[in-house]
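J.: With chain X fixed as given, assemble chain E with the ligands onto it according to the hints.
Chain residues, written in single-letter form:
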Amino acid sequence: MKTLVWVEHDNVSVKDATLSAVTAASKLGEVHLLVAGKGCAGVAEAASKIAGVGKVHLADDAAYEHGLAENVAPLVASLMDHHDAAVFPATTTGKNVAPRVAALLDVMQISDILSVEGPDTFTRPIYAGNAIATVQTSDTKLVITVRGTAFPKAAAEGGAGVVEAVSGPGDAGLSSFAGAEIAKSERPELTSAKVIVSGGRALQNSENFHSIIEPLADKLGAAVGASRAAVDAGYVPNDYQVGQTGKIVAPEVYIAVGISGAIQHLAGMKDSKTIVAINKDEDAPIFQVADIGLVGDLFKIVPELTEKL
Amino acid sequence: MKVLVPVKRVLDYNVKPRVKADGTGVDLANVKMSMNPFDEIAIEEAVRLKEKGAATEVVVVTIGVAKAETDVLLTARAMGADRGILIATDDEVEPLAVAKLLKAVADEEQPGLIILGKQAIDDDSNQTGQMLAALLGWPQGTFASKVEIAGDHVKVTREVDGGLETVDLKLPAIVTTDLRLNEPRYATLPNIMKAKTKPIAKKTIADYGVDATPRLKTLKVVEPAKRSAGVKVADVDALVGKLKELGVA
Ligand SMILES: Cc1cc2nc3c(=O)[nH]c(=O)nc-3n(C[C@H](O)[C@H](O)[C@H](O)COP(=O)(O)OP(=O)(O)OC[C@H]3O[C@@H](n4cnc5c(N)ncnc54)[C@H](O)[C@@H]3O)c2cc1C
Ligand SMILES: Nc1ncnc2c1ncn2[C@@H]1O[C@H](COP(=O)(O)O)[C@@H](O)[C@H]1O
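The listed protein sequences derive, respectively, from chains X and E. Just so we're aligned, residue 719 is where the first sequence starts under our numbering, counting upward by one. Just so we're aligned, residue 199 is where the second sequence starts under our numbering, counting upward by one.
Just chain X, same shape as in the assembly (with noise of 0.2 Å):
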């Protein structure tokens, strides 16, 4: 079988959720990736040396800067002529742009896989992770997104894929790109941090998310995350939103923060590998999968914890 992965960048580096998605394609066959942007060689060419990657797709238009889905999705789609598989990461990027794809192809998508069972058959996520589902395609095409914190990144390094330039349909005329406030951080990005640190509605207020959360995170070279409640609330931006409609994230530790454990919240964090969780509520659901917790004040404890680590 031969994949066609939609490599995720910025038209200057290629996104580590690209790495995970790799890693499930190879399993299905043949690895071709796409890169599709603006001024992208560069990214064409490191994209070529992640392992295992044969031909290296690049599409360089002003129509493709953006990601923009109206555009993207009939590039990708002209390209499955001689593909048997488009493979998206399940990032807000590729969920965008593969529905479009598998539509455009008559193809039922195959969301957020978390194993490939055999050419056809994968599992796959429910109800928020409470259940996991095994599906069986019968179409003959496949798209298929891919949760990240399911697959092994590839190597970025090691491979020797051969750049080859594709022109697209170009500019569908639907949509432009208006602008964007893309957050800058110093700290590492939540998807791939080794630790995160969380907080809740219990951090009242912006000031004190930022003074209470922060120095912890920075004395563990911590990401920082929220639940939904922290961010609704305006604490902290949207981008920091951890469950089933925010990121997926699967680090080393996750410590929680003034979170209950909404069944919304776990979903996008029980798959971490060690669950701490801090909040003065001794019953709170948090604790049902915390591997390490301690009943009481965070307003007490988190400053005591930043000081004495």
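Bear in mind the hints are in silico, worked out from the structure with no lab data behind them. Take these hints with a grain of salt, some might be off.
[As the list claims (entries may be wrong)] Mimicking EDC-like on lysine to aspartate or glutamate, the simulated pairs with C-alpha atoms at most 16 Å apart in a straight line are: (1) E:K440 / X:E970; (2) E:K424 / X:D1009; (3) E:K430 / X:E899; (4) X:K991 / X:E1025; (5) E:K200 / E:D280; (6) E:K442 / X:D1009; (7) E:K344 / X:D950; (8) X:K998 / E:E443; (9) E:K430 / X:D1009; (10) E:K400 / E:D210; (11) X:K720 / X:E783; (12) E:K442 / X:E970; (13) E:K396 / E:D280; (14) E:K400 / E:E307; (15) X:K1018 / E:D435; (16) X:K745 / X:D802; (17) E:K415 / X:E835; (18) X:K1026 / E:D435; (19) E:K344 / X:E899; (20) E:K418 / X:D999; (21) E:K401 / E:E307; (22) E:K430 / X:E1000; (23) E:K214 / E:D280; (24) X:K991 / E:E443; (25) X:K1026 / E:D433; (26) E:K415 / E:D280; (27) E:K415 / X:E1000; (28) E:K368 / E:D350; (29) E:K440 / X:D1009; (30) E:K368 / X:D1009; (31) E:K418 / X:E835.
These figures come from a predicted structure and were not determined experimentally.
T.: Positioned in the frame of chain X, the structure of chain E with the ligands alone reads:
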């Protein structure tokens, strides 16, 4: 401008899903079913557009069991939708087939905007809106946290992994809702009573000539590996000790 809002009837988000012992799926017998939370947000947004004068009519459509008429479609109308369409079926319909049916509805209704939820919290597919956009050849503003209509365009602010992104789309367009787009109003009892008189059209899949045969076969459904509760430590010193053992401190 007419706004079409597809809504799905799903297991209520407060109910803990239970996997059936025979591994065929999640037990939906005698449990509370509700409108998918993202679809409530979609209805709310559509109704607000109407209240602002940007939309003239809000039409809600669901594909699912007949019972949806007296729960989710009623709730949607009580929230302010003007009329409903029920495409009744007892079978599970996959996102691709749902998108095909919604395309047929859109061809008939000619809405200027279709607002869907970004994801149904049962199948967690996150596909239908994007697929519908492809089938109609319309632009898509997915995971929206802000929607602004300006003439024959709509500006959509999207929640993306790195933060926020804004796209400008030509109408007609597809929008899918994220959690922070708005806070849906409650369907009050008087409004529920009034909603009962708002029209519902009852249809079947055959009426639209769509082949809804599933492409995916569910071989089995199991519970995820259980995490067992660990230990509670007495104080911060003990926690520091544990973190040191883990090698993170
Ligand atoms: C469709 C849908 C999708 C959702 N998606 C997500 C998602 O992706 N991610 C997500 O997180 N949520 C999601 N939610 C929301 C989820 O259901 C919960 O509402 C949310 O996770 C609660 O956040 P919280 O734990 O911070 O707040 P709460 O539930 O209010 O918990 C606060 C906790 O802090 C503790 N506490 C209070 N004060 C202190 C103190 N001084 N010291 C120590 N502990 C204290 C309390 O005991 C309590 O356990 C979703 C909901 C819906 C309906
Ligand atoms: N059976 C259905 N009837 C009406 N709308 C649906 C149905 N299934 C999905 N949708 C819409 O598509 C959105 C995304 O669903 P999904 O792609 O299944 O995650 C939902 O939030 C609904 O707006």
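J.: Please go over all the hints and tell whether each is borne out by the structure.
T.: Each hint tested on the structure:
no., hint, in the structure
1, E:K440 / X:E970, "13 Å, holds"
2, E:K424 / X:D1009, "12 Å, holds"
3, E:K430 / X:E899, "41 Å, violated"
4, X:K991 / X:E1025, "25 Å, violated"
5, E:K200 / E:D280, "10 Å, holds"
6, E:K442 / X:D1009, "14 Å, holds"
7, E:K344 / X:D950, "14 Å, holds"
8, X:K998 / E:E443, "24 Å, violated"
9, E:K430 / X:D1009, "8 Å, holds"
10, E:K400 / E:D210, "24 Å, violated"
11, X:K720 / X:E783, "26 Å, violated"
12, E:K442 / X:E970, "13 Å, holds"
13, E:K396 / E:D280, "6 Å, holds"
14, E:K400 / E:E307, "15 Å, holds"
15, X:K1018 / E:D435, "13 Å, holds"
16, X:K745 / X:D802, "13 Å, holds"
17, E:K415 / X:E835, "14 Å, holds"
18, X:K1026 / E:D435, "8 Å, holds"
19, E:K344 / X:E899, "14 Å, holds"
20, E:K418 / X:D999, "37 Å, violated"
21, E:K401 / E:E307, "14 Å, holds"
22, E:K430 / X:E1000, "9 Å, holds"
23, E:K214 / E:D280, "33 Å, violated"
24, X:K991 / E:E443, "14 Å, holds"
25, X:K1026 / E:D433, "12 Å, holds"
26, E:K415 / E:D280, "37 Å, violated"
27, E:K415 / X:E1000, "42 Å, violated"
28, E:K368 / E:D350, "6 Å, holds"
29, E:K440 / X:D1009, "10 Å, holds"
30, E:K368 / X:D1009, "51 Å, violated"
31, E:K418 / X:E835, "12 Å, holds"
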